[in-house]
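Whenever a hint applies, use it, and build me the whole structure from the sequences.
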Amino acid sequence: MQTNIIVLAAQRPGTIDPLAIGHDVSHKCLIPIAGEPLIAHVLETLSKHPAVGDICISIEAQAFPDIDVVLAQLDGDTGRIRCVPSTYNLADSVIAALAQMDDGPVIITTADNALLTADAIEAMVQILKGDTDVALALAPKAAVLKAHPDGQRRFYKFSDDQYSNCNLYGLSGHDALTAAEIFRGGGQFAKKAGRIIDSFGLINLLLLRSGWISLPAAMARISKRIGLTITPVVLADGRNAIDVDNDRSYRIVADLLGQTAT
Numbered sequence: 001m002q003t004n005i006i007v008l009a010a011q012r013p014g015t016i017d018p019l020a021i022g023h024d025v026s027h028k029c030l031i032p033i034a035g036e037p038l039i040a041h042v043l044e045t046l047s048k049h050p051a052v053g054d055i056c057i058s059i060e061a062q063a064f065p066d067i068d069v070v071l072a073q074l075d076g077d078t079g080r081i082r083c084v085p086s087t088y089n090l091a092d093s094v095i096a097a098l099a100q101m102d103d104g105p106v107i108i109t110t111a112d113n114a115l116l117t118a119d120a121i122e123a124m125v126q127i128l129k130g131d132t133d134v135a136l137a138l139a140p141k142a143a144v145l146k147a148h149p150d151g152q153r154r155f156y157k158f159s160d161d162q163y164s165n166c167n168l169y170g171l172s173g174h175d176a177l178t179a180a181e182i183f184r185g186g187g188q189f190a191k192k193a194g195r196i197i198d199s200f201g202l203i204n205l206l207l208l209r210s211g212w213i214s215l216p217a218a219m220a221r222i223s224k225r226i227g228l229t230i231t232p233v234v235l236a237d238g239r240n241a242i243d244v245d246n247d248r249s250y251r252i253v254a255d256l257l258g259q260t261a262t
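Counted the way the UniProt record's numbering counts, the sequence shown spans residues 1 to 262.
Any given hint could turn out to be false.
25 Å max Cα-Cα, derived SDA-like pairs, lysine to any residue [as the list claims (entries may be wrong)]: (1) K141 to L256; (2) K129 to V52; (3) K141 to D245; (4) K129 to G211; (5) K48 to D103; (6) K146 to T117; (7) K48 to D119; (8) K141 to G104; (9) K48 to A236; (10) K129 to G104; (11) K224 to K146; (12) K141 to K48; (13) K224 to D161; (14) K48 to P65; (15) K146 to D161; (16) K146 to D255; (17) K141 to G211; (18) K146 to G130; (19) K48 to G76.
Here are the simulated distance ranges between beta carbons [claimed, not checked]: (20) D77 to A220: 38 to 46 Å; (21) R225 to A142: 26 to 34 Å; (22) S214 to D150: 21 to 29 Å; (23) R225 to R154: 22 to 30 Å; (24) G104 to P216: 23 to 31 Å.
By construction, these hints were calculated from the structure, which means they are not laboratory data.
C-beta: ideal position from N, C-alpha, C; glycine also.
In structure tokens, the structure reads:
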């Protein structure tokens, strides 16, 4: 069974990303970087992986024509790639995209994840073949800093190491949809203690913030709390944790993409 993909490319309702404004495009995913629109780098990596099935781009319907232009310029078979209308929050956008796919494992990533590697996809595909409900990709701090010393400034501290989120998530199938509720209401989840307490419990929150618990132990506690098995996938390539968030990270990703091309 192949693994389907959801690429989150929509903007927060009522906002236009500063990078999009600076590059005179409607969406951040369309800004040019290393000779191609940002989302093109993500789609090319995904579409070339043999384990990937359908690819759904979750974006506002008015942006569909712009995405069609991007698809027309991609190499290879783009017949498996299609747009689905996004909604007002991440959870419902994921659910709307899943409704357009056959049941089975799904990987969720973002359109600004231009340094996504084939090895990262493969690691997620393999873990979703096991007993896990939810997979979460992370990169150790040393690996991220090795990729670029200023590539990422936010790390989550555990007793075994510090990690950065790679904007790469996996669901074993539609039965794991309840995990999407964690993201309801949009981003910045990690900064909103009330939502973490509701989902993970106060004790788990304190342990996570204290750094007194290892990454595997933390995921085991959270799994027990929400009734889903969450498995961390630690990626050795720190590039996977560096996405395009602002002018600084745009320059870093452009530089790393240039190095890859050469």
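Tested hints:
1. K141 to L256: holds (17 Å)
2. K129 to V52: holds (13 Å)
3. K141 to D245: Within the cut-off at roughly 18 Å; holds.
4. K129 to G211: violated (30 Å)
5. K48 to D103: At roughly 22 Å apart (the allowed maximum being 25 Å), D103 and K48 satisfy the hint.
6. K146 to T117: Holds - the C-alpha atoms of T117 and K146 are around 16 Å apart, at most 25 Å.
7. K48 to D119: Since the Cα atoms of K48 and D119 sit roughly 12 Å apart, the hinted pair holds (cutoff 25 Å).
8. K141 to G104: violated (32 Å)
9. K48 to A236: Roughly 21 Å separates the two Cα atoms, so the pair holds.
10. K129 to G104: Holds - the C-alpha atoms of G104 and K129 are around 10 Å apart, at most 25 Å.
11. K224 to K146: violated (34 Å)
12. K141 to K48: Distance of about 28 Å is beyond 25 Å: violated.
13. K224 to D161: holds (22 Å)
14. K48 to P65: holds (23 Å)
15. K146 to D161: Holds: K146 and D161 sit about 15 Å apart, inside 25 Å.
16. K146 to D255: Judged against 25 Å, a Cα distance of about 14 Å means the pair holds.
17. K141 to G211: Holds - the C-alpha atoms of G211 and K141 are around 14 Å apart, at most 25 Å.
18. K146 to G130: The given pair, whose Cα atoms are some 30 Å apart, is violated under the 25 Å limit.
19. K48 to G76: holds (8 Å)
20. D77 to A220: 38 to 46 Å: holds (40 Å)
21. R225 to A142: 26 to 34 Å: holds (29 Å)
22. S214 to D150: 21 to 29 Å: holds (27 Å)
23. R225 to R154: 22 to 30 Å: holds (23 Å)
24. G104 to P216: 23 to 31 Å: Distance hint for G104, P216 holds at roughly 26 Å.
Violated hints, in rising order: 4, 8, 11, 12, 18; the structure is consistent with all others.
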